[in-house]
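**Q** Sequence:
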Amino acid sequence: MSEQEVVDGRKQTVEMDSAYHLVTVYKPSAASRDTAKEFTFDAVYPPVASQSQIYEEAAYPIVENVLEGYNGTIFAYGQTGTGKTHTMVGPSGGKKSDTVSFREHLSIFLRASMRAADRIF
Numbered sequence: 001m002s003e004q005e006v007v008d009g010r011k012q013t014v015e016m017d018s019a020y021h022l023v024t025v026y027k028p029s030a031a032s033r034d035t036a037k038e039f040t041f042d043a044v045y046p047p048v049a050s051q052s053q054i055y056e057e058a059a060y061p062i063v064e065n066v067l068e069g070y071n072g073t074i075f076a077y078g079q080t081g082t083g084k085t086h087t088m089v090g091p092s093g094g095k096k097s098d099t100v101s102f103r104e105h106l107s108i109f110l111r112a113s114m115r116a117a118d119r120i121f
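For the sequence shown, position 1 (counting from the first letter as 1) is numbered 1 according to UniProt numbering, and the numbering increases by one without interruption.
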């Protein structure tokens, strides 16, 4: 939650369980948590997850398969303001160490070049 949401006394309405790939959404006005809805995903990351962690665990296997000749898609979908752009390109004004590094991008091109060279020779 943002600092302003905490100051305003807002309640957290979403919980993530990375171990079980589960997101639980609570209705903020409900008196009990019995009205919760649960959703299961291939992977779930908490708000403190780094961009590098998400790349290594979610994107890297897809990139590797694409370099082997398979089709692959990385798709960010969600409501406005939920962090899609932040996850894909990093925070504006954030620490460089939090973003996917140039080295990781360069490694994709190096591996692709080596695989292309192997096929030619």
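Check before you lean on any hint, since a few could be wrong.
In silico DSS-like links for lysine-lysine, alpha-carbon gap of 25 Å or less [said to hold, decoys possible]: (1) 11 / 27; (2) 37 / 84; (3) 11 / 37; (4) 11 / 84; (5) 84 / 27; (6) 27 / 37.
For each label pair, taking beta carbons as the anchor points, the in silico distance ranges come out as [as the list claims (entries may be wrong)]: (7) 120 / 71: 21 to 31 Å; (8) 115 / 28: 44 to 54 Å; (9) 8 / 69: 28 to 38 Å.
Just so you know, the hints here were simulated from the structure itself, not pulled from any lab data.
None of the values given here were measured: they were computed from a predicted structure.
The beta carbon of each residue, even a glycine, is placed where N, CA and C say it ideally should be.
**Q** Determine for every hint whether it applies to the structure shown.
**A** Hints, verified against the model:
no.: 1; hint: 11 / 27; result: holds, 10 Å
no.: 2; hint: 37 / 84; result: holds, 22 Å
no.: 3; hint: 11 / 37; result: holds, 16 Å
no.: 4; hint: 11 / 84; result: holds, 22 Å
no.: 5; hint: 84 / 27; result: holds, 23 Å
no.: 6; hint: 27 / 37; result: holds, 9 Å
no.: 7; hint: 120 / 71: 21 to 31 Å; result: holds, 23 Å
no.: 8; hint: 115 / 28: 44 to 54 Å; result: holds, 50 Å
no.: 9; hint: 8 / 69: 28 to 38 Å; result: violated, 51 Å
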